[in-house]
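Trainee: Residues per chain, in single letters:
Protein chains: 4
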Amino acid sequence: MDGNSFGKFFRITTFGESHGKCVGVVVDGCPAGLALKEEDIQKELDKRRPGQSGISTPRKESDLVQILSGVFNGYTTGAPICALVWNKDVDSSFYTRIRFTPRPGHADYTAFVKYGGFSDYRGGGRFSGRITVSFVIAGAIAKKLLRKVLGVEILAYTVQIGDIKAKDMSIEEIKGQIENNLVRCGDPEAAKKMVELIEKVKEEGDSVGGIIECIALNVPPGLGEPVFDTVEGELAKAIFAVPGVKGVEFGAGFKAAVMRGSEHNDQFYVAEDGNIKTFNNNSGGILGGITNGEPLVLRVAIKPTATIGKPQKTVDLKTKKTVEILGKGRHDPCIVPRAVPVIESVIAFALTDLAIRMGLINQVIKLKDG
Amino acid sequence: MDGNSFGKFFRITTFGESHGKCVGVVVDGCPAGLALKEEDIQKELDKRRPGQSGISTPRKESDLVQILSGVFNGYTTGAPICALVWNKDVDSSFYTRIRFTPRPGHADYTAFVKYGGFSDYRGGGRFSGRITVSFVIAGAIAKKLLRKVLGVEILAYTVQIGDIKAKDMSIEEIKGQIENNLVRCGDPEAAKKMVELIEKVKEEGDSVGGIIECIALNVPPGLGEPVFDTVEGELAKAIFAVPGVKGVEFGAGFKAAVMRGSEHNDQFYVAEDGNIKTFNNNSGGILGGITNGEPLVLRVAIKPTATIGKPQKTVDLKTKKTVEILGKGRHDPCIVPRAVPVIESVIAFALTDLAIRMGLINQVIKLKDG
Amino acid sequence: MDGNSFGKFFRITTFGESHGKCVGVVVDGCPAGLALKEEDIQKELDKRRPGQSGISTPRKESDLVQILSGVFNGYTTGAPICALVWNKDVDSSFYTRIRFTPRPGHADYTAFVKYGGFSDYRGGGRFSGRITVSFVIAGAIAKKLLRKVLGVEILAYTVQIGDIKAKDMSIEEIKGQIENNLVRCGDPEAAKKMVELIEKVKEEGDSVGGIIECIALNVPPGLGEPVFDTVEGELAKAIFAVPGVKGVEFGAGFKAAVMRGSEHNDQFYVAEDGNIKTFNNNSGGILGGITNGEPLVLRVAIKPTATIGKPQKTVDLKTKKTVEILGKGRHDPCIVPRAVPVIESVIAFALTDLAIRMGLINQVIKLKDG
Amino acid sequence: MDGNSFGKFFRITTFGESHGKCVGVVVDGCPAGLALKEEDIQKELDKRRPGQSGISTPRKESDLVQILSGVFNGYTTGAPICALVWNKDVDSSFYTRIRFTPRPGHADYTAFVKYGGFSDYRGGGRFSGRITVSFVIAGAIAKKLLRKVLGVEILAYTVQIGDIKAKDMSIEEIKGQIENNLVRCGDPEAAKKMVELIEKVKEEGDSVGGIIECIALNVPPGLGEPVFDTVEGELAKAIFAVPGVKGVEFGAGFKAAVMRGSEHNDQFYVAEDGNIKTFNNNSGGILGGITNGEPLVLRVAIKPTATIGKPQKTVDLKTKKTVEILGKGRHDPCIVPRAVPVIESVIAFALTDLAIRMGLINQVIKLKDG
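Those protein sequence lines, which keep their order, are chains A, B, C and D.
Per the numbering used here, the first sequence starts with residue 486, numbered consecutively.
Per the numbering used here, the second sequence starts with residue 486, numbered consecutively.
Per the numbering used here, the third sequence starts with residue 486, numbered consecutively.
Per the numbering used here, the fourth sequence starts with residue 486, numbered consecutively.
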């Protein structure tokens with residue numbers, strides 16, 4: 486029980502279900518004095534909305550955010566910000582029919598076991614990807630805070646879909662491309678192939694996974710608390726809250742296993758601006774769990790969408806017999822592109838919490854324009 | 486500041502430095518009635534001790550644990566258990582000499598920045614691998630609790646050192662081999678090559694990384710709290726507290742990115758004992774952040790030891806000039822084998838916390854033999 | 486910043502402002518399987534509603550609760566329960582006029598200082614007594630849980646208004662009287678005098694305070710966690726969240742100061758039912774921070790309503806000149822009667838948290854009727 | 486289980502038992518750069534030491550503190566500070582004899598029930614007043630931080646023992662007197678009568694309670710987090726951790742119940758130094774849970790010592806028969822004077838936590854002398 490909150494200082498508490506009345510979040514610990522409008526949040530929410538193309542689910546979710554508390558006269562007040570998106574009425578009859586036949590790859594079975602059959606099973610209920618709306622709302626507030634107060638910029642993008650990999654590129658090259666293609670990939674040529682792969686997979690009634698990379702620029706050195714509340718630990722915990730994530734790595738990540746120390750160690754030098762920098766960034770901007778001022782770099786593995794158009798074996802929980810189940814067909818064959826803004830969001834609120842803990846963001850923000 | 490604690494219910498708080506008086510831990514939330522002796526902990530501590538072979542540092546650390554509180558008449562009382570290992574006096578003069586020239590790959594620079602030059606720099610201070618003594622102490626208690634009350638068994642082992650990979654083996658095959666070789670690998674042939682690689686790397690004054698796999702058997706279904714306190718999130722956070730970890734993946738992990746949904750989804754069936762099982766275990770025993778009763782499987786990427794015998798560039802923090810630094814030579818060229826019991830330990834205390842949160846372990850344990 | 490949440494396991498997070506869109510709460514950690522309807526909550530909310538008599542403010546607040554999440558098919562699901570009451574549109578112009586002249590006895594000044602002038606000042610904003618709607622919503626759920634699963638009954642009532650004190654009565658005598666008079670006092674004769682006092686004070690444009698006593702019956706022994714999360718500590722923290730509370734005492738309370746140990750100590754005996762009981766209950770049912778099975782007894786001092794009809798001195802925060810301010814006249818001259826259900830509520834959710842921590846309430850409730 | 490920690494940022498975790506090896510504390514979250522020696526702590530510990538006079542227990546406890554971690558070269562490092570006092574060997578045979586006959590007024594019975602008979606019963610074990618050594622250690626560090634960084638001064642003193650009350654005095658008058666008499670009372674004449682009362686009570690084999698007042702001077706306005714983490718809520722929680730406390734009140738406290746609003750409200754004015762002040766301080770320096778810059782004032786009711794020299798009725802937990810028990814005679818007949826430095830300590834660490842949360846104390850302290 487419990488577990489729906491994240492953060493120590495910038496503490497977000499999520500609520501809502503896929504086919505319930507709404508999905509929303511309470512953000513407790515946002516400083517007073519930040520200029521905040523619903524449009525600031527809507528802009529980010531629109532990025533995770535489905536129905537943007539043929540490769541995404543055609544469900545119409547307008548997903549208009551409504552701020553219920555914590556903002557007054559256009560500024561945050563220091564009080565908790567509750568914001569939510571009302572769900573549209575949808576037909577849940579399919580889920581009632583399959584209530585006792587858990588879908589492979591989904592949380593149906595574990596939710597049933599954990600909550601003794603009382604969990605809301607409609608559309609995956611509390612385990613639906615739809616709950617990431619809450620993450621994006623909180624992330625939008627966090628992003629604005631980080632950008633305004635510290636100049637931090639967070640950029641996520643797709644680097645792999647199935648076996649199609651984006652080429653190595655600088656973050657400057659990537660930045661301009663992300664929103665230019667349907668898969669949010671920095672490499673236009675790879676993006677084209679990724680789209681083709683997704684379309685092919687969709688025709689086959691199947692799905693495919695991928696890898697998202699995320700870079701945070703201008704992160705001040707000193708962020709992260711040893712021993713347990715490290716940058717990696719806090720970010721990883723937030724990232725694993727996103728449905729479908731199977732792995733997280735920082736800097737060289739799993740490749741570090743095959744490297745020599747002489748190759749992996751990032752040696753130091755003094756940059757022209759007098760700042761201490763490293764020649765490489767195999768550490769991903771983190772040493773001893775604390776940021777070192779280099780770009781923070783991480784990658785996230787996303788599994789293929791669990792819902793597929795092919796028959797799969799499962800068990801009828803009432804009869805304890807093996808049966809076949811067929812997925813409901815209107816889901817994304819690849820959730821990676823829509824997960825991109827979600828990953829940015831969770832990193833944003835996790836970093837904000839660490840920044841406040843470190844004392845970098847005060848309880849009252851005093852900017853010319855909030 | 487803060488961040489040295491982990492867990493909500495089975496809450497461990499670590500303290501101590503590499504060259505300070507001691508390293509230790511307070512375990513708050515251990516149920517009353519568990520039979521506990523110093524030997525239970527010593528057994529686990531001995532596994533992480535260096536000096537066990539030519540491939541490990543020859544430093545003599547006897548590391549005898551002392552329980553200071555929370556145990557009475559051979560049983561835990563429900564009060565916080567403080568236990569520690571006293572450090573031996575060691576020569577810290579090397580560290581005083583390099584105080585202002587941070588070692589690449591170490592936390593020297595970030596610790597200096599974060600703590601304004603006040604951090605204990607001797608032997609890495611609070612950022613030394615030595616602090617994992619605290620993890621192993623807490624993990625030993627957690628392991629005993631999990632085994633006694635729930636029958637859970639946690640097994641970690643090396644699957645890769647540099648580019649040498651262990652072959653695919655069943656956990657039954659692996660189990661008997663782990664303590665039979667110096668690298669704690671289930672595959673004896675790969676183990677031999679791994680040892681050779683480490684010796685070669687050592688001769689070169691270099692170091693090498695690797696990958697540890699960990700399996701938890703008999704984990705009851707239903708463990709893990711959505712949305713943020715998932716099994717993956719909690720375990721990843723604990724694992725990233727171990728110095729040198731660069732990545733964590735569950736089940737198919739990063740390979741999930743190249744899989745189709747039809748391949749990745751674990752389909753269900755009813756086993757002969759009437760339990761619901763899955764044909765494969767690409768999920769690593771977790772769906773929706775909650776255990777499903779299958780073995781919990783994860784892998785951890787460990788970077789090459791930061792200390793190497795080769796000269797490296799760094800910056801003198803006082804003069805802001807680039808200088809060369811040479812590591813102190815008595816460190817493990819590969820920390821992977823010694824990290825194995827540490828990974829087991831952090832997984833043990835993270836799982837224990839989730840088991841208590843779920844109500845599976847009561848506040849008073851009533852076993853025949855405690 | 487933050488601080489709007491209470492509880493470790495049964496964790497409530499409050500939001501909303503007096504003149505904002507709504508006041509509400511997210512309850513995270515409520516077990517699955519509890520039958521819950523909006524009526525269960527509405528019943529409790531109706532008790533704190535003003536306008537019930539001539540001694541209370543005539544403001545019409547219908548205060549209809551709406552459950553937004555966490556309940557499905559009439560039962561809690563284990564997911565967070567968000568519930569709120571929409572505010573009516575009210576005229577806030579008075580508060581805009583007095584924005585820079587903080588009202589004595591209110592939080593206007595401290596809120597202005599803490600939040601740099603960004604706090605919502607309308608109707609006291611986040612510091613209004615109206616936020617106790619959130620407490621009553623969470624308390625209603627907690628009360629039902631405690632009653633259904635453990636048989637715990639929580640009863641608060643007025644024992645003093647100004648200098649009018651209720652006579653000593655047994656809880657059985659008190660119980661039947663509480664809802665029979667406007668001041669929620671167990672002693673009908675004292676109640677009559679209390680009403681007269683409040684009416685007199687009201688005519689004078691003044692206000693008056695009082696004392697509420699609260700008893701929890703059938704509390705199982707063993708509740709409460711040493712050293713800091715004691716029953717007294719947890720309850721006191723929750724109680725001090727109620728606006729206007731100036732003191733909390735348990736059992737003999739401040740009278741213990743003048744007692745001898747031989748008089749204060751509650752000696753033990755074996756009751757006819759075989760249970761261990763105490764002859765007296767000076768401890769208020771708590772020893773060492775842990776319940777002993779006797780009724781839990783506490784008293785709460787409530788200050789006179791800060792808003793009065795008389796002119797008071799304050800400072801203009803812009804001009805730094807002393808000025809006179811006159812309260813807006815439609816407030817309760819005594820908030821004690823309306824605070825009674827609020828005190829019951831905070832005690833209910835604090836006790837529920839302790840009961841879940843002790844393992845007395847499972848994550849899935851299995852009662853015939855939920 | 487758990488509950489032995491306090492604070493969100495300046496987080497203290499206590500451990501140890503009365504007749505165990507030691508009593509100690511880990512302070513996590515103390516900023517780096519504070520000059521700290523064992524003498525800073527010893528000075529405070531000496532105040533709570535018994536054996537200072539004929540009215541206190543003659544037990545010899547030298548109670549020498551030892552800092553085990555977190556301090557290097559005379560300054561805090563930002564790492565957790567573990568410090569403890571080793572217990573002397575004492576004879577526990579009395580406690581073994583009365584193991585199954587719980588002493589009235591002590592936690593013997595509730596500890597037995599809660600921990601299933603596994604708790605350390607020697608000298609009250611974890612429930613002994615001796616655990617306040619941990620509070621005083623943490624409090625000494627907190628006091629130094631508050632004084633050095635914010636100029637906050639915390640003063641506790643006895644205002645009542647039994648029915649002997651100190652006269653009303655200004656804090657300036659009180660300050661010079663506190664350490665001049667055995668009962669730590671600001672009023673020398675009352676102090677004399679209090680000592681006589683304690684001696685009389687002692688002769689009778691009885692005990693007596695009292696009231697401690699505490700004032701914190703120079704507390705900056707804005708401290709305290711609404712809604713639950715109010716100054717009153719945080720302080721009350723910390724105070725109720727001190728064994729024997731039965732009540733806590735702020736400002737006018739329980740007297741507020743009999744006051745009119747026009748009398749209780751503290752009206753504002755501008756002081757000569759330009760600061761906004763109040764004419765009275767019935768609020769005790771707190772409005773809406775937030776400090777207003779006036780002195781923070783609170784009072785604590787302490788019950789008479791539970792151990793007395795007279796026979797009392799209790800129950801044999803094995804035979805379930807009523808029996809008589811006689812206390813062991815060497816305890817303080819009045820713990821109020823020794824509780825005075827303990828109350829100061831808990832208030833110090835609770836305020837420190839709030840000050841760090843508000844951002845008033847940075848993670849690195851930069852003072853000329855630390």
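No wet-lab data here; the hints were simulated from the structure.
Backbone N, C-alpha and C define an ideal beta-carbon position, used for all residues, glycine too.
Any given hint could turn out to be false.
With a straight-line Cα cutoff of 16 angstroms, these simulated EDC-like cross-link-like pairs (lysine to aspartate or glutamate) come out [to be verified]:
| id | chain 1 | residue 1 | chain 2 | residue 2 |
| --- | --- | --- | --- | --- |
| 1 | C | K805 | D | E684 |
| 2 | D | K506 | D | D648 |
| 3 | D | K805 | C | D854 |
| 4 | D | K795 | D | D648 |
| 5 | B | K740 | A | D648 |
| 6 | C | K740 | D | D648 |
| 7 | B | K805 | A | D758 |
| 8 | B | K633 | B | D801 |
| 9 | D | K687 | C | E748 |
| 10 | C | K633 | C | D854 |
Listed next, the stretches of chain C that the computed footprint assigns to chain D, with coverage defined by at least 3 CB atoms under 8 angstroms from CB atoms of chain D [claimed, not checked]:
| id | segment |
| --- | --- |
| 11 | 582-590 |
| 12 | 595-601 |
| 13 | 655-668 |
| 14 | 677-683 |
| 15 | 847-854 |
Trainee: So, for every hint listed, does it hold in this structure?
Mentor: Hints and how they fare:
At most 16 angstroms may separate the alpha-carbon atoms for a hinted pair to count; C/K805 and D/E684 exceed this at roughly 55 angstroms. Distance check on the hinted pair: D/K506 and D/D648 sit about 39 angstroms apart at the alpha-carbon level, beyond 16 angstroms; violated. A hinted pair counts as satisfied when its Cα atoms are at most 16 angstroms apart, and D/K805 with C/D854 does not qualify at roughly 37 angstroms. Note on D/K795 and D/D648: the hinted pairing is violated, with a Cα-Cα distance of about 21 angstroms set against a maximum of 16 angstroms.
Taking the CA atoms of B/K740 and A/D648, the gap is about 10 angstroms. The hint holds against a cut of 16 angstroms. Restraint check: the Cα-Cα separation between C/K740 and D/D648 comes to about 10 angstroms, which is no more than 16 angstroms; the hinted pair holds. For a cut-off of 16 angstroms, the pair hint linking B/K805 to A/D758 stands: about 12 angstroms separates their Cα positions. Among the hinted pairs, B/K633 with B/D801 is inconsistent with the structure: their alpha-carbon atoms are about 53 angstroms apart, more than 16 angstroms.
About 15 angstroms separates the Cα atoms of D/K687 and C/E748, which keeps this hinted pair within 16 angstroms; it holds. This hinted pair checks out: C/K633 and C/D854 have alpha carbons roughly 9 angstroms apart, not beyond 16 angstroms. Residue count for the segment 582-590 of chain C with a Cβ under 8 angstroms from a Cβ of chain D: 3. That meets the three needed, and the coverage hint holds. Three residues within the 8 angstroms Cβ limit are the bar, and the segment 595-601 of chain C against chain D gives 4, so the coverage statement holds.
Using a Cβ-Cβ cut-off of 8 angstroms, 0 residues of the segment 655-668 of chain C lie near chain D, which falls short of the minimum of three, so the contact claim is violated. Interface restraint, the segment 677-683 of chain C with chain D: violated (0 residues with C-beta to C-beta distance below 8 angstroms; minimum three). Counting residues of the segment 847-854 of chain C whose C-beta sits closer than 8 angstroms to any C-beta of chain D gives 0, which falls short of three, so the coverage hint is violated.
Checked against the numbered hints given earlier, this structure breaks hints 1, 2, 3, 4, 8, 13, 14, 15; the rest are met.
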